[in-house]
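Taken in sequence, the protein lines are chains A and B. So for the first sequence, my numbering puts the first residue at 1; every next one is plus one. So for the second sequence, my numbering puts the first residue at 1001; every next one is plus one.
These aren't lab readings, by the way, just hints derived from the structure by calculation. Bear in mind that the values here come from a model prediction, so they are computed numbers and not experimental data. For glycine and all other residues, C-beta sits at the position ideal for the given N, C-alpha and C. Any given hint could be a false lead.
Here are some chain A residues pointing at chain B (derived, C-beta under 7 Å) [unchecked claim]:
1. L9
2. A43
3. C54
4. A67
5. P93
6. H97
7. S131
8. Y132
9. A133
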Amino acid sequence: MYQIIRQILKTGIKTETPPQADDALRVETQRLQEKILRHVGRALTIRHVDAGSCNGCELEIHALNNAYYNIEGLGIRFVASPRHADMLLVTGPVARHMEIALKRTYDAVPEPKLVVAVGDCGCDGGLFGESYASCGRISNVIPVDVAVPGCPPTPIALMQAILTAITSGGESG
Amino acid sequence: MKLDEFTSTFNKLPGALPVWHGTVDATQFRSLCEQAVHAGGRLVALWGSDESAREARYALHVLLVTATGLLCLTVPVSAERPVYPDISDLFPAASRMQRAVADLLGLHATGADDQRKWLRHASWPGSVHPLRKDFDGNTVFQTETDAYPFVTVSGDGVHEIPVGPVHAGTIEPGHFRFSIIGDRVLRLEERLGYKHKGIEKRFESMSLEQGAKLAGRVSGDSTVAYAWAYAMAAESIAGIAPPDQALWLRALFLERERIHNHLGDLGYLGNDVALAFGFAQFWILKEQVLRNNAMLFGHRYLMDKIIPGGVTVGLKMQDKRVIEEECSMLERELAVLRSIYEEHAGAQDRFIGAGCVAPPLAAQLGLCGLPGRASAQAWDARVQPPCVPYDKLDVQMATHRNGDVAARVTVRFDELFESLRLQREILINLIGGDELALPVKQLSGNALGIGLVEGWRGEVMVALHTDALGNLGRVHPHDPSWQNWPVLEHAILNNIVPDFPLINKSFNLSYAGQDL
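Excised from the complex, chain A in its bound form (with noise of 0.2 Å):
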């Protein structure tokens, strides 16, 4: 224990500023953005939903838990099911074979909701497209918010991107 606490010290607080909300990533402007923030306030419950990527987002999306990032200092938290959350962070391009499950976890999110898609593949289908086992992009099969792209997109991206979701387009920037 005392070998724990010692390193903890000595670690220090590494969390740093967080980014602003970008403008820039907003693909439709949402009449729920105000009731979800009026809902939700600070407090933002987020389900991950890998719908076919190469893994690559997911590791970004695991720092944004880090002690540098620190996104539950900010309120927001992963949830593990759907119906807890306020928002799902879905990866892809969205494999067919992941295409019905995505949908029933949209279906299983109480409204009002949001969706930001991630990464290159999510935005657009990426170096994967669209094909016989791939529907490419995420808003080919669930309404998307915000899409932030990157191959992975950095935390800070990703930040930026789940900010620019729960602030109306007015209060951003």
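Chain A is fixed; fit chain B onto it per the hints.
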């Protein structure tokens, strides 16, 4: 034909790997596989191809590791009778690979016990085989229902827990069917293939350069290993050797990939036994490595830094210091964290004895890579066969005999320290120079190249077949998870359900890499 004659009978492929390739008939194929297994050999990969441009309509290929070297066998398969001999009785890991070949190409292993579909769910009908050349990859089918016959366990008080494909965490999708009694697992059956997005078909329409990018995205956490294996295969066909400088940089990238993944896993293994401190600490270290990657090489995970012919980015001599300082920092911090993990009674209580794979079972099932080494399977493609530049580095392989979660934790720590040592050695050998890559011109036609790289999970293989014009005719990337997923089904037996996340994490297998 005797197995040990292959080096004189078959052609050695040019390039970095000691790999011989021969075309054999079904009887010889079966006989050579039998001899290989009796001589302690292993199956690396099994894949099929459509050879419609040539005499035989299809072909089945395997890559075996033997004491003499790597042996790649090709069996021609006719269109009238698309069958080949089953080898899943010799190499149990072959079973799912054979089922995938049946789904994608319609070639069947005669006599195989398990003939169920594997990668195919509901997105295309069983009569369609996407990797056949006459199939247009853009054809979309109406989605049917995926009726998959799971093996059921019956008896008093036995019940099933279906989990997935969407899991309760930031994890890739897959389905696990637990048959349990109380908390105890009687059987686990995996159903994978949810992430199948047609990667192999995609390769066929790509140029060599585009293919390199796609190879780097088969499994994003192993982007360096895949990109290197792909480049190695292409360079074998092109008959070129990248500049020394590029080879050293590739090894540096590969060790950095191993370091950041092992750091991440050790953090999560702590997290899974309620030692959140471990997650916080290891992920601080991981983030520092990733930031250095971004600063020095322009990408946190080093994607697209390896291309056929060499690498796209060098290391400035003055920046060596950054990596040296990072090595010292990590060595210092890891020593502290290792002692905390080892002395933490709660963590050790969960680690020790959980998810045990005894060495004889590991050998029988072909467990490979990191979990293999934790169960006394002493194989590491950096050591045997040592490809350049690892032949100059005297890599110390980390092994353990206990085969439990604790052993897989120990091997990760040992490999981290070894990777840090290797990084320092590599830095000494990086002496600068402008030449980072040689141009790779058009590849020769109807050729085969093999690349094999020890990624952080285990051996990553890429087989590259060119068509008559030298384009990508067939590219098969193989992840070590093919071998290791079936072993996880054994590792969980008689453990309790709540230990599954921990045991699963201790293997940390790839879904994307096996679903393709």
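Of the numbered hints stated previously, which ones are contradicted by the structure, given in increasing order?
1 and 2
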